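S.K.: Let the hints inform the model, and build the full structure from the sequences given.
Protein chains in written order, with the working numbering: chain Y, 18 to 436; chain W, 18 to 436; chain G, -18 to 359; chain Z, -18 to 359.
FYI, nobody ran anything at the bench for these hints, they're computed from the structure.
Any given hint could be a false lead.
[To be verified] Only some residues are given here: those of chain W computed to face chain G with a beta carbon under 10 Å:
no.: 1; residue: Cys83
no.: 2; residue: Ser154
no.: 3; residue: Asp367
no.: 4; residue: Ile394
no.: 5; residue: Glu400
no.: 6; residue: Asp420
Owing to the predicted nature of the structure, the values given are computational and were not obtained by experimental measurement.
In this text, a Cβ means the ideal position worked out from N, Cα and C, and glycines have one as well.
Each chain, letter by letter, is given below.
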Amino acid sequence: MTVDTAEDVAAFRQRARQWIGENLRPFSSSNTMGLRVRTSEEELAAVAADRQLQRKVFDAGFAGICVPREYGGQALTPAHQRAFNEELTGFEFASRCQIPTMSPCAAVLLEFGTEEQRRRHIPAMLRGDEIWMQFLSEPSGGSDVAGALTTAVRDGDEWVLNGSKVWTTGAWWSDWALCLARTNWDVPKHRGLTVFVLPIHQPGIEVHQIEMLNGARDFCQEFISDVRIPDADRVGEVDEGWTVGTRWMSHERLLFNSPYVTYPAGLERSLAEGSAMQIARDTGRLDDPIARDRIGEARALELVGRQLEQRLAAGIGSRRLSDQAAAIGRLYGGLARLRTATIKFEIAGDAGGAWSDDDGTAAEIGLAFLMRQTSCIGGGTTEMARNVISERVLGMPRERTLDRDVPFRDVPRSPSGRS
Amino acid sequence: MTVDTAEDVAAFRQRARQWIGENLRPFSSSNTMGLRVRTSEEELAAVAADRQLQRKVFDAGFAGICVPREYGGQALTPAHQRAFNEELTGFEFASRCQIPTMSPCAAVLLEFGTEEQRRRHIPAMLRGDEIWMQFLSEPSGGSDVAGALTTAVRDGDEWVLNGSKVWTTGAWWSDWALCLARTNWDVPKHRGLTVFVLPIHQPGIEVHQIEMLNGARDFCQEFISDVRIPDADRVGEVDEGWTVGTRWMSHERLLFNSPYVTYPAGLERSLAEGSAMQIARDTGRLDDPIARDRIGEARALELVGRQLEQRLAAGIGSRRLSDQAAAIGRLYGGLARLRTATIKFEIAGDAGGAWSDDDGTAAEIGLAFLMRQTSCIGGGTTEMARNVISERVLGMPRERTLDRDVPFRDVPRSPSGRS
Amino acid sequence: MLLDLTDDQEFFRETTARFLDEQVPTAELRRRRDDPAGFDPSYWQRGADLGWTSLLVGEEDGGGTISGHGVIDLTLVAYEFGRHGAPGPLVPTNIVAAALGTAGGEAQASVLADLLSGASIATWCYEEPGRRPLGEVSLDIRVDGDHIVLDGVKRPVESAAQAHHLLVTGRTDGGLTQALVPASAPGVSVTPLRTVDLTRRFCSVRFDGVRLPIEAVIGEVGGAAGEAERQLELAVALHCAETVGAMQQGFDMTVDWAFDRYSFGRPLASYQALKHRFADMKTWLEAGHAVSDGAAAAADARTADAGELASAAKAFLGDYGTELLQDCVQLHGGIGLTFEHDLHVFLRRVTLNRVLFGTPGDHRQRLARHVELREAVA
Amino acid sequence: MLLDLTDDQEFFRETTARFLDEQVPTAELRRRRDDPAGFDPSYWQRGADLGWTSLLVGEEDGGGTISGHGVIDLTLVAYEFGRHGAPGPLVPTNIVAAALGTAGGEAQASVLADLLSGASIATWCYEEPGRRPLGEVSLDIRVDGDHIVLDGVKRPVESAAQAHHLLVTGRTDGGLTQALVPASAPGVSVTPLRTVDLTRRFCSVRFDGVRLPIEAVIGEVGGAAGEAERQLELAVALHCAETVGAMQQGFDMTVDWAFDRYSFGRPLASYQALKHRFADMKTWLEAGHAVSDGAAAAADARTADAGELASAAKAFLGDYGTELLQDCVQLHGGIGLTFEHDLHVFLRRVTLNRVLFGTPGDHRQRLARHVELREAVA
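M.R.: Written out as structure tokens, the structure reads:
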């Protein structure tokens, strides 16, 4: 089925609206990934519910809207996916089966996987049978993902993996991982990497849940010891992993804008906890000019941010701006969210430090303040964004790196061995 | 006369107080250097008045309190100078005969000058007959004063100078200059410099008054063409100018705390134009909580700054802090003054942009805002202070420089030739 | 400024840019520092020929747009005004022309024609001395039979000493009234103010029992609140476009400087601490372009969020415009504070624009009010 | 903290530091996250043996200082509390001990002795729910014959669920009254609050017609405004010293990290953009030390500017304390946000301290009032 003969977007939208209205429940943050601190039992129940929900969408023919039919998808266009997402606004969705399962993992398999890998995994992803994780960041790595130390050594038709990966959201209840590993220490760092897929739950992989300071336990760290992977589970060529990795990260940056991801339009915006105005109301500062000044500031940052996103999307789309200009949006967004978290904390006054459940939207604002830097760390730090803007957008001289033209084993590393 | 037999500080203070009270007029900002925009005629009259006033202080035996007797001074201690400065609070003083004449210029001559140089110039400085300038910064140089391009070439017993110097305050009405020049382009930059003294008003030196954006014309630029200097006017060894230069800049950083400088104690603090509170009063915002919040912020910055200066002075004095920690005070002071200028501008509202003379302290606040960065540029930029703090105080790795181990003529320079 | 202009818009912008390059290079701006008007009438008239004055007026009244979106077209001129630090009563004359085109009667037809041709200029008397919420007007316009009488003070008023016509927003009982007052009317006195700007001139204007026939009223007596708000949105959108132009120019100059200036054997552009500040500035600049364009498009389309977007633009650009230019000064060092350097032309522009038609703080209070009203509905 | 301590002070500080190293390493703090008190009575008692509780009380009452400057001596303990994120009612117990030492009667002598020995603990009920200017008190203390009756709510109150005695500041007609209330008195109800802190516990305390003999009053009925202000100055000075300790610890950890962590083959400490942020942090840190010490010295000497310095310290450290720790988190990256990392112990401390006994904004309003009064005199 080609695009020409595909159902047109308006008709598809109509069909989607009807099915969604008849089959899905209203959106509730209580079940959605990452929005609340949950017990393990609650989280596992939510994972099971998400798998069932994904299966329901699959059975109705709305899963993998942009995925080719031979891998279980609908072979439609990004416009169809957008229409579906718009109709989905206000309804439940399988939050744990989208990112990173469909993007970047499915996207990377579609681009670099073998036919066998695609046929095995992508339909399983779309049915909710396989939830995937990214084994990308490492404890030693920080912003330097190409500096991976996790090592794969060839042994006949197999590879033997050792190392550690971190910041994998929900690895403890996930099934498969896309993994970047070092296969050659005698060449510069970008030229000795290879990508693999592997099941997470197997002897030799210990998954440790990381507790964040606000009590959330979504992130995990994995300790990988002598895990054997058949060569058939390699993605892309040996030592060419950075070619895959570059596209991998490019898919990752798309987030909810990926054509493979089903995500209710506008959800992010509506998920903000209590607004600054609500907090002012709940702490009796509605008439305080200083609180109102801050509320106005937060609102200006929000409106400016929306206009900036539109400008960047249009400019990158029309090639008036380079792809790298996306870093401008990342920097602005990180700083604006950081400032907004600070404003809310300030407006909450002492309820920001010590609160009772009666304090309405002011309760727990202090915890959000403690987690404030998340917006400038997660998904690439603002420091990296500033490097990209100055070097790639403005063309200023690149920072000197001491790891470019030397074998990776000779790159200077931490004296303590911590990194 | 040794320190043992010197008049004790209390008795000296008593004598100073009496003389000051009987002979000096109250302080007035109208005559003081740098505090107002003046016509050339007004400025020259003020220079003449300062010379007379300096002579009066000299004749009374209060000039050069820490300068040896053989050079016309009083051979007393820094404590005596401090006492004099304290008694001088609220009285007129010869603002144009202090900095840079006494410090760093006289201080450098005392440390590195020949006996003949000292006997010739220092008494003349103390009598108000010679006002000195620093020929240090260059148009190409910015923060990199050791990168001087002004060149002195030996010709028998003379040196021939060519080049340009800039940011000399009041060079157009000054007499002599202390000048850093390059005497060797074939060695690394710190090893090819030499210091000279020279009269400013002579054929071959063209003094150009720089107009600042607020109309002030205190700063000058000099264009030096084939100026001949006898070798007797060299200070320190040939090509050893950076040895002199390091101490020179160390004297310069002392500002009003130099033991050679007579400056009413606390004057700087009292010189602030309209306070934030006065501006709020004059613009009808005395009851505006937002204006009051900013007023409180400005006051906090001021009080914290005083405590910080005391801490740094005590710590450097007791060697618990390195000398380099002075950069902490410089950074704080620059940022605090910058913020305070912004606060005043914000409180002034639209009178900060457009004003009538009836607007009281709000008038001209906008011009102060335009000049705001002065506090973070003059006397060494805040960027340089941050380098010093991170590298010299915290011991972090030095920035890579491309001008250290190569002959100065091979140092990379601006492609446009502007620098 | 919009990334994707139509060919006609691009030609229009480019024509104005070339004209300003020729007519008002920064040396010319410096030369005119003490010129009472800051510009020649012929300059303004030639600008009018280029279309500077006609974009907010319908074709039936002699105006016309480039793209069908007159406000957006006009922000292209305003952007170039900011990028050149150009003189001339661009904002006030267009505001008055728009007001006359919308609600002017027969009595004002010839005035409007003269504004469009550049033969005369006009200005808007809106803000008043003393602290008050933005939009609170106290100048009194009293109806006396078939006359009106104006009493009160307006400031700052752009180009009031050069203007032939003053559009005055005043209060009549509970509502707002707007009247077009000849600058020569008895009882009108104009006093120049000093400003941070080099190119534009502002005054305080006093109305002492200024008596005019009631035909001077533009629109309805007591019913002009909507028009005044509309004019405020336009003024803010145009100033924001100017500010973005000035930011762009200052930023470009400073990027060039950073590549050209060497310190310790390296260009400034190679120092990471400075590179990161350039990244911040670039981000503010792009965000400024974006919100300025958003405010202009909303004002053009008269969407419901036009007022809120104008306030967001002003709140953001007021603060970040001056911060960006000040950081450009810092990166230049002392030379950036000299009169001979061009940087202060742009710093002055954004500094004065920051406080005209409401400070960032005033607009933040307005934004809070918007949020409050919306949440009350939700 | 002071750069030049006396030998006795240094020994005292060092003893407390070693004790806290042993007793409350960060692993222990984590272990006690759900402990209702956050500390054992024996820990507190041993601390009292080290001198934690006696520094603000005269020798005649069983107290005594190290250097003759009890407030300064106590800030050394507070600094170490901040540097270790240590639990225990250091601030409130000392405030109450100081109040009893100054104005307590015979009735309170044994209470004071128990506080000094560490046998019992006390807390100060000062702040109240709802927005109000700092220092405005509405809890009602009514005199009824030879009794007083308390009605009202206080929050947040540190360690109220563990305290044996509550010093309550309330309003009697036009003035303030302070009373020492047994935690067990009928009508007192204590409700734990949730907080950002890991180690300290805070509550809301309600007084419902709590009736006590008039001997419970500390000082004069209606005449305690001066004492309350004094206590506020002390509380602020001690919290500031804690905050500086927490800043120092977070900063030191992050400097170590920057030297040890390599990115792209170079230590983080070699990146100029980060170096400049460390320079800013170092500056805030030294400024914080300076103003915290200044506030402590002024409170110790009871100089006229003690209140203003306390407010300056709080306004500055409230803002820069959290900014510094947050930037430490940023420089650590994701690991700095994990529960297993130590950084949040110090971030929590400064975050909660920031809002106790007045937010930075509250203290800026106070500073403005100081400026206004001084300029009115001048």
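S.K.: Now look at each hint and say whether the structure bears it out.
M.R.: Against the structure, the hints come out as follows:
1. Cys83: violated (31 Å)
2. Ser154: holds (8 Å)
3. Asp367: At about 4 Å, which falls below the 10 Å cut-off, the nearest Cβ of chain G leaves the hint on Asp367(W) intact, so it holds.
4. Ile394: Ile394(W) check passes; min Cβ-Cβ to chain G is 6 Å, inside 10 Å.
5. Glu400: At about 7 Å, which falls below the 10 Å cut-off, the nearest Cβ of chain G leaves the hint on Glu400(W) intact, so it holds.
6. Asp420: holds (3 Å)
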